[in-house]
Structure formats: C-alpha cells, structure tokens
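Enquirer: Residues per chain are reported as follows:
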Amino acid sequence: MSRTVIIEPVTRIEGHARITLQLGDTGEVEDAKFHLTQFRGFEKFCEGRPYREMPALTARTCGICPVSHVLASNKACDHLLSVSIPPTGEKLRRIINLAQITQSHALSFFHLSSPDLLLGWDSDPVSRNIFGVMRQDPALAKDGIRLRQIGQTIIETLGGKKIHPTWVVPGGVSEPLTQEKRDAMLKLMPEGLDIAKRTYAFFKTLVPKFKDEASHFGNQPTMFLSLVSPKGHLEHYDGFLRLKDAQGRILEDMVPPHEYERLIGEAVEDFSYMKFPYYKPQGYPKGIYRVGPLARLNNVDACGTPYADVALAEFHMLQESGPIASSFHYHYARLVEIIYALEMMERLLKDPTILDARVRARARSNRYEGIGVTEAPRGILMHHYRIDDEGLITWVNLIIATGHNNLAMNQSIRQVADAYVDGNNLQEGMLNRVEAVIRCFDPCLSCASHAFGEMPLAIELKDATGRVVDTLRRG
Amino acid sequence: MDRTSMGGRKILIIGYGSPIRGDDAIGPLVADRLQAEGMPEGVEVISRHILTAELVADLVEHDRVVFLDAAVDGAPGEVRCRSLAPDASAMSTMAHFLDPRELLAWCETLYDKVPETFLVSACGTSFDYSNYVLTPTAEAAIEPMLDWVRRLIDPSEPLASDQLPGASPRETETPLRIP
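Going down the list, the sequences are from chains A and B. If you read the first sequence in my numbering, its first letter stands for residue 1, the second for the next number, and so on. If you read the second sequence in my numbering, its first letter stands for residue 1, the second for the next number, and so on.
For the record, the hints were derived by calculation from the structure and aren't laboratory data. Every residue, glycine too, gets a C-beta built ideally from N, C-alpha and C. Be careful, since some hints might not be right.
[Unchecked claim] For lysine-lysine, the following DSBU-like pairs were computed, each having C-alpha atoms within a straight-line distance of at most 30 Å:
(1) K142(A) / K10(B)
(2) K33(A) / K211(A)
(3) K161(A) / K10(B)
(4) K197(A) / K187(A)
(5) K197(A) / K113(B)
(6) K113(B) / K187(A)
(7) K10(B) / K181(A)
(8) K44(A) / K33(A)
(9) K231(A) / K161(A)
(10) K187(A) / K10(B)
(11) K181(A) / K91(A)
(12) K142(A) / K33(A)
(13) K231(A) / K350(A)
(14) K44(A) / K197(A)
(15) K142(A) / K113(B)
[As the list claims (entries may be wrong)] Only some residues are given here: those of chain A computed to face chain B with a beta carbon under 7 Å:
(16) F131
(17) A141
(18) R148
(19) R360
[Said to hold, decoys possible] Ranges between beta-carbon positions, derived for each pair:
(20) D183(A) / E143(B): 39 to 45 Å
(21) T125(B) / A246(A): 38 to 44 Å
(22) R347(A) / E143(B): 38 to 44 Å
Start from the sequences, fold in the hints, and give me the full structure.
Expert: See below:
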C-alpha cells in the first residue's frame with residue numbers, strides 16, 4: 001500500500017512550503033513534490049497603480065531582498081522612460097546591489113545552511129540550528145553577523161532611509177554620494193573581505209566531507225541561465241542573457257534582456273502557487289534550467305576581480321569538466337560571490353567619478369512597455385510592465401529567481417529522496433537531507449508566490465482514515 | 001530630563017513592524033516621533049521592518065535596549081511594558097522574522113553579554129493594508145508609548161546592573177510605573 005510522507009513546514013528557508021514524498025508498495029519513492037503553500041498575488045494588485053509607484057510597491061514583496069526588486073523595477077521604469085541613466089548613477093546602483101548580495105548570501109550560508117554543514121545532517125535536530133553553530137564555532141557565527149551588518153550598513157548608507165529606501169529612482173538615483181559616506185563605506189571593505197576569504201578557506205576544508213551529498217543533492221543535467229557582461233564576465237546588474245546546456249555549450253548568448261520572452265515560457269501546476277518557468281525552445285517540462293550563484297559561475301568566463309577569479313578557478317576544479325552540476329555547490333558559489341561583491345564594491349567606491357553630482361536622468365514615460373532584468377542574490381529577476389497613456393499599470397509579470405529554479409528544485413528533491421529515503425525505515429537524517437537540498441537553492445518563497453492568470457487550485461477534504469471525501473477544484 | 005548626557009550609558013531604541021500593515025507600523029512610527037523630538041547623547045533610535053540577525057552586533061554595544069512593537073494579545077489600544085530575557089526557544093523557523101528574545105539569546109551565547117531589555121507594545125486593532133496610517137485606537141497609544149520610552153531613557157532611573165551587578169535580567173511585566 002502506498003504511503004505519503006509530508007515534511008511541513010520546510011525549515012530554514014524564507015516562506016512557507018511543504019514537501020510531499022509519495023511512497024510505493026515496497027517503500028521506494030514514487031514521486032516527490034515541492035509545494036509553495038502561500039499565495040500573495042502582487043502582479044494583480046499592482047494593476048491600476050502609477051508606474052512610478054512600482055519600485056516602492058514591489059519592494060514590499062520581500063523583507064530580505066527589497067533592494068533587488070527596487071533595482072529590477074527601476075530598470076523597468078528606465079525602459080518606460082527610454083532613458084540612459086548617468087554612469088555614476090549606474091555605478092551607485094551597482095554598489096547597493098552588491099551590498100544586497102553580500103548580506104543575503106551571508107544570511108543563507110551562516111544562518112540557514114551552516115547548521116547542516118557544521119554539525120552534520122544526522123546530528124540531533126534539537127541542537128542542529130544556529131545556537132548549535134554558535135556553540136560549535138562562535139567565531140564563524142560572529143563573522144556571519146558582521147558580514148551581514150557590513151552589507152546592511154552599505155545599503156542604509158546609500159539608501160538613507162532605514163525601511164524600504166527610495167534612493168533608487170527611475171532614471172538613476174535621487175542623490176549623489178558624499179565623500180564622507182564614500183569614506184565610511186570604504187573603511188568596511190578590508191574587514192568584510194577578510195571575513196569572506198576566511199570563510200571561503202574554511203568551507204573548502206568542509207567540501208570533501210560532503211562528497212556523498214554533493215553527488216546526490218540535485219546533481220543533475222540542466223541548463224544554466226544568467227546575465228553576463230559584454231565580455232562574458234560575472235554581472236549582477238545589467239548585461240546580456242546567456243544560457244548554457246549541461247555540457248557547457250552556449251545555447252543563447254548576448255541576448256538583450258528585453259527579449260526574455262523569446263527564451264522563457266511559464267507553466268503552472270495544480271500543486272503549487274509557484275510558477276514553473278522553462279526554456280521555450282525545449283518546451284515544458286524538458287526546458288529545465290537553474291539560476292543563481294551556481295548558474296552565474298558556470299556561465300561566466302571570468303569574475304573580473306583578483307581573489308574571486310582565483311576562487312572561480314578552484315570552483316571549476318570541483319568537477320573534471322563541464323558546468324558544475326551539483327546543487328550542493330550553490331554554497332561554494334555563494335562564497336565566491338561574496339568575495340567578488342566586496343572586491344567590486346571597493347573598486348567602484350574608489351572610482352574617481354563616484355562622487356559626481358549627475359546621477360539621474362529625468363523624463364516622462366515614452367513607451368507603453370518596460371522590462372527590467374537584474375541578478376538578485378538567488379538568481380535572475382525579471383520585472384515586466386505595461387502602462388496606459390496616463391502612466392497607469394495595465395499588466396505586470398514578475399519572474400522571480402526562486403521560480404526559475406522551481407523545476408530544478410522538484411527534480412532535486414526526487415533525486416535526494418531516491419538516494420536517502422527508505423520508506424520502511426524513515427529516519428530524521430533522511431528527511432533533513434530532503435529539506436537541505438531545497439536550502440541549497442536558498443529559495444525565497446515570499447518573492448515567488450504570485451498570480452499567473454487564474455491559479456489552478458485543488459482542495460482535498462480527507463476523512464480520519466485519509467480517504468478523500470470531497471474535492472474542490474478551480475482552473 | 002538631561003538632554004545632553006546619559007552619564008556614559010548607551011541606549012538603543014528599535015521600532016519595528018511593517019509600515020504597510022496598518023497598526024503594525026506603530027513601532028517605526030513611535031521611533032520616528034522620538035527622532036523628531038531629539039534624543040539625548042548616548043541614545044540611538046532605529047527603525048526596522050523586521051528583526052534580523054545583524055542587530056545582535058548592535059545590541060551588545062548598548063547597556064539598555066527598548067523594542068517598540070505592535071501586539072495582538074490584549075485590549076485594543078492597551079500599552080504595556082515588560083522586560084525581556086534571552087529565550088533560545090523563541091527561535092524562528094525562518095531567518096527574516098526573529099523574536100527579540102531570540103536576539104538576546106544570540107547575545108548571551110555568542111558574546112556573553114545581554115543588555116537590559118524592555119519591550120513597549122501597543123495592541124492594534126487592524127493589520128490590513130495601509131501605508132504608515134494607524135487606526136485611531138492605535139494612534140491614541142502613541143503618547144503612552146512615548147511616556148514609557150521617556151522613563152526608560154531617563155538617566156535618573158537605575159539600570160538593573162546598577163542594583164545587582166552581574167545579575168541576569170529577568171522577564172517581568174511593567175517594571176516601571178508611569179506617574
């Protein structure tokens with residue numbers, strides 16, 4: 001008789017989710033699904049609002065990555081204005097984006113994933129948490145706090161306002177940088193980089209211990225999608241779309257982000273509120289790809305900063321050839337990106353033009369459609385708006401990093417469950433590994449739960465024996 | 001009140017809550033009012049949408065911390081003040097919504113130092129969408145919350161550590177009475 005194992009809630013991620021494992025007669029895993037159980041519908045309730053409100057409105061999507069939404073939204077508004085923002089305005093936007101990546105990656109590594117990495121997947125769940133990490137390695141925990149503080153301090157220094165800063169505006173940023181603020185941020189860089197390099201060196205010593213997990217945690221052939229610079233370097237703010245296949249062949253390159261619809265289709269399933277984006281030329285669900293730090297490092301030819309390029313070379317040695325396939329190595333890629341972000345922020349802050357006063361282009365809307373694409377910490381983020389003659393929003397589509405990874409996350413759960421779950425002898429460590437593969441992707445479900453047309457929804461009513469007695473189905 | 005010196009004390013006031021969820025904005029709004037009033041040297045005021053881990057580094061740098069928040073468990077408009085103690089069991093399953101007592105537990109575990117901490121809260125009545133706008137009931141709670149904060153930053157009020165050196169803070173309701 002088949003049985004269902006439900007892991008709910010999935011812990012140490014952002015948002016609420018459920019994992020269902022369907023076991024067959026002999027206890028083997030027959031099916032595995034990752035369900036996003038919350039619904040928010042940002043795209044729908046933005047309709048009718050003036051487009052200039054969109055950066056502030058969409059920033060409310062998430063408490064972790066408001067800066068990412070502010071940037072993607074403002075880029076969509078830049079497109080509506082048909083302006084080219086001043087170079088210093090763009091550099092300042094790049095800095096706040098890199099600070100966001102630093103603090104968000106630090107949260108993921110130190111606070112969400114380090115309990116598994118440091119204490120082990122089979123350790124006592126009572127102590128397998130951040131307090132266990134603090135007791136085991138207080139210096140690491142303090143480093144995590146400090147790195148986040150450095151990222152947040154830069155965001156606050158630039159953004160000015162402590163809650164949902166409105167410093168980034170359509171056309172650029174609202175105020176130029178002062179010398180005093182520039183110097184204060186520069187002072188933080190050496191300490192941040194020391195922490196990042198120290199943590200990276202420590203993590204490299206952990207990697208060999210997790211060979212088994214690395215070979216089963218979403219170690220699968222998929223494509224990889226990210227932005228790259230015109231030179232093919234690591235790019236988090238602008239650039240072009242690049243898509244590589246599982247063998248490392250470039251399928252799409254230097255695609256202007258405004259043409260994303262040629263590449264990306266979106267499907268819906270009745271078991272989740274999260275959309276399932278796919279690579280259109282290969283169809284659904286075959287067109288599976290991954291985004292985020294792993295995809296970015298797999299796609300680039302170089303990072304473009306000294307220490308990060310050394311780390312990138314070491315990253316590629318994790319596997320004999322081709323793109324790094326295991327989702328376990330998202331953790332590794334995150335640490336390389338923290339190093340890069342700090343190096344690049346320092347470079348930008350030392351740029352002789354960074355204090356220039358011209359930071360904003362002013363215009364009214366000159367188009368009916370605007371698309372803004374940027375790299376959020378978890379992967380590529382797309383904002384797409386249509387407006388009417390009054391500048392009111394008539395249609396919105398948001399494709400969030402976590403959504404891009406949805407197909408890959410479902411496939412990864414199945415792989416981990418196949419490798420570790422014995423339905424006849426369920427053990428906590430097995431189920432924790434199923435959860436942990438999701439944590440590799442660092443999903444932010446707050447961002448990912450949006451409407452896409454009419455959401456198909458099924459509600460099942462079960463009696464005490466588990467028998468389904470009624471079903472309500474929509475869509 | 002002496003507005004120029006806190007006698008070397010460092011006090012941190014943290015107003016937190018979502019600015020677009022009705023009465024949940026009361027913490028940040030009271031923090032804004034305090035900023036506008038002007039605080040004595042040694043008193044820092046910050047606003048946060050949510051409480052996150054890096055705040056631990058700020059907490060341990062201060063002798064006294066006052067959290068300002070909305071509450072749902074009480075009579076509408078009721079203002080309460082209680083001291084907080086570290087509580088590791090208040091741990092969140094996520095990372096973007098930490099309880100103040102969890103942050104204090106981080107301070108205790110990592111830095112072996114816990115500031116004397118108070119939570120001043122007001123019970124809200126509506127948490128529906130509204131941008132930095134409170135219900136009249138919550139609006140009326142702002143002044144009593146400010147009174148509590150004024151008492152808690154008064155340099156003539158002794159810190160617990162002044163009375164019981166080395167003693168761990170204990171959690172109590174309404175440790176101070178507004179005259």
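Enquirer: Under the constraints set out in the numbered hints, which ones does this structure not fulfil?
Expert: 9, 12, 14, 19, 21, 22
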